[in-house]
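Colleague: With chain S's structure known, arrange chain E on it following the hints.
Quick mapping for you: the protein sequence lines, in order, are chains S and E. Each position in the first sequence, counted from 1, maps to that position plus 104 in my numbering. Each position in the second sequence, counted from 1, maps to that position plus 51 in my numbering.
Hints are computed from structural coordinates only; laboratory data are not their basis. Heads up, the beta-carbon is just placed ideally off N, CA and C, and yes, glycines get one too. Among these hints, one or two may not hold up.
Claimed, not checked - Facing chain S, according to a computed beta carbon distance under 10 Å, are these residues of chain E, among others:
#, residue
1, G82
2, T86
3, A103
4, E169
5, E395
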Amino acid sequence: MPAGQADARELPRRVPVTVLTGFLGAGKTTLLNRILTENHGKKIAVIENEFGEVGIDNALVIGADEEIFEMNNGCICCTVRGDLIRILGNLMRRRDKLDAILIETTGLADPAPVAQTFFVDEEMKDQLRLDGIVTLVDSKHVALHLGESKECQEQIAFADVILLNKTDLVTAEELDLLERRIRSMNAMARIHRTQNTAIALDRVLDVGGFDLGRALDTRPAFLEPEYPFEWSGIYLLDAGEHLLTLQDGSPDPSMDVLLLRLPDESEQAMATALDRATRLISETRAQPTTGGELRPESLHRISLAPKGEKRVTVQVSEPGVFVLFTQHLPAEFSMRLRRGRADVRPTSTHQYNPGHEHDNSVTSVSIVLEGDLHQEKLNRWLSKLLLESGTDIFRMKGILSIAGQDRRFVFQGVHMLFDGEPERPWGKEERSNQMVFIGRNLDSAALDRGFRACLA
Amino acid sequence: MPGLREALVAESSKRPTRSAELEPSWVVDIGDFPTDLAWSPGGERLAVASAAGPIVVLGSEGDEQLRHRGHELGSLAVDWSPQGERLASGGQDGRARVWVPGDSSPQAELRGGAAWVELLAWSEDGGHLATGSGKFLKVWDASDWSEVGSFDHPNTISGLAWRGESGRLVTSSYGGIQFWELGQPTARRTFRWKGSLICMRVSPNGRWIICGSQDCSVHIWKSASGQDLEMSGYPLKVKQLGWSDDSRYLATGGGADVCIWDFSGRGPAGTRPEVRQGHVDAIADVAFQPGSHLLASLGRDGSLCFWNGAKGKGKKALGTGGRPSSGSKLAWSPDGTSVAAAFESGEVVAWKAPSVS
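Looking at chain S on its own, in the form it has when it is part of the complex (with noise of 0.2 Å):
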């Protein structure tokens, strides 16, 4: 080589690239003009789905054709962007450096080949980064798309975040339920709630969605176990008759509920009460009844099938604290407890991750796991995994102990791309394992046994 000329040459810093999905209507247009207008200090290019290029003030928007290229190898994780490759090609060139990229995707578009560009393309991964996918969704309207919307899903199961827009047009209980509804699908991003995508930059530029570094700094829900229940309260019950009553909601066939006793209400007893209701809900087969009595420590399956009013009775023989899990959400059902004619309200209630979700195809599954994994084991499993279902498998991201190294291993993917590196030291964390799978038809149970058989 001449002369050293590489060692003067200095790196520029990789420039964040911000994608932002959504159907139309869901706000994107309005959340592009307000980051183009407000006052933040930053220079940014916009790449508009529409034709022409403008500079306006200190941002600059082109227009981009969406054209998907596919590899002559027929690799689906090869496909990527052509328009983009060109595009933010030239804008490197230009002396005015910028502080962030915005790609705006139209509303029918599948995030992966967008993504793909920055990880498959050499020249692209050299010079920008990135940083995040950044969905928007219509709270109104959403609904009638997620369920059957191959686009829709995906735009939110590929998300990092997730601004759940024109929350003014929908009470906060539809609201709740679709938060929960999208976090069964992408357990991994962050949900914010905007009305005119009113929000604050850095929560949509700069999240670190693909830095490894930041792997886990996202919602508890991505480290919280799987649970056979959604929700738990917890009541202060009078000794007597109770009746709980459940009217018409979601089209599920039967509810699980489950009472137990409890010592106090600390939150040791409450610790222990979850393991005891996981392994009762699991472990026992109950047949639905339309009715009956829901008895303290017993699984009671409510069919949901008939029409009208559900009624359970619940015999209190002694006063005390009890805690009351149920499969899905009570909200769902308009879900009353009563003693006589007085509602009795939980002293404290809590939402949990639903292990499955059975009305949607995309989903998320979590593993938590101790102990050491055996590094050729992880890597023959996952190989294995991304060659068979790597197109069902949109993104994963985890943190990983593998016995005989001392730093935590992290990892992310997209398809069957696969990025991964040793990070800082365990030191005095406690070693354990946390992954996470988003995709379509993915099978928890599989997904776990694999993940187990890699222990070392």
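Modeller: Leaving out everything else, chain E in the frame of chain S:
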């Protein structure tokens, strides 16, 4: 793929020996990222397009003679007419402009059809100018600048060339190669290839059409028969292609090593390329000296290397040079006495060609 990976592996154990460091004959800073370079056919002028927009015209000694305003938001391409009296430019304002050096305003302003005009080509007789803008190929009559042909593509055009003097053109895009003829609105012929072709060079004798591909390969067609051949195994996508004037050798980038394919006889099918190693970072451009097999290669590491590109003529660079900035483009002066190289820093630098021993 015929032996590229093997050739690279075989070479990688050998260290290049140090070659003579060549001093530039001149250095000019145009003040912005140079996106394209073009020597006038007589070699009196060197046009430089810049990412900021202006087009700078240098004299043969690097003296700045003119500065045209170029294209708002950035210039992308420059090309001199075959007689050298007019300069065409394309840019990110969706226009192609034709300049007569010395006039402050352009002689013509042409709408390419999409947001950017990226490709320009004068016909051999200078009677027509073709522009490639997004999915639109347009042909303009150079006597009155009327549009005489418009050919729509399903995808963005990545390469554009005239074929002889017959009013025929060839373009590359995602999905294949298309052949066009003035007066015929649809493609005369298409060579389909499911892959993203990102650049195209037709051999000077017209026999071969070569495309670099997004998937780190080079695709080759025999233009007469459409018979094709793929060279895969490059470390990077291949955007750098350079033919020798006699159409015998094709130099390719797509990594830190220059690969030279021999197209004599029945072509490169089943052969191994010769490899020239001297850059530490990816190659930005390659170009053969007009009329010879002397090859210049420019690296993203800022290094410039001269090679004897002919078969079996040694692995050692004939001379090297460099600047402390990433290289972007190379252009030989038409008489082959010197090569101009553009660097991201804004420098345009000329080196005299070393003599081939």
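Colleague: Could you check the structure against the hints above and give me the numbers of any it violates, in ascending order?
Modeller: No hint contradicted; all consistent.
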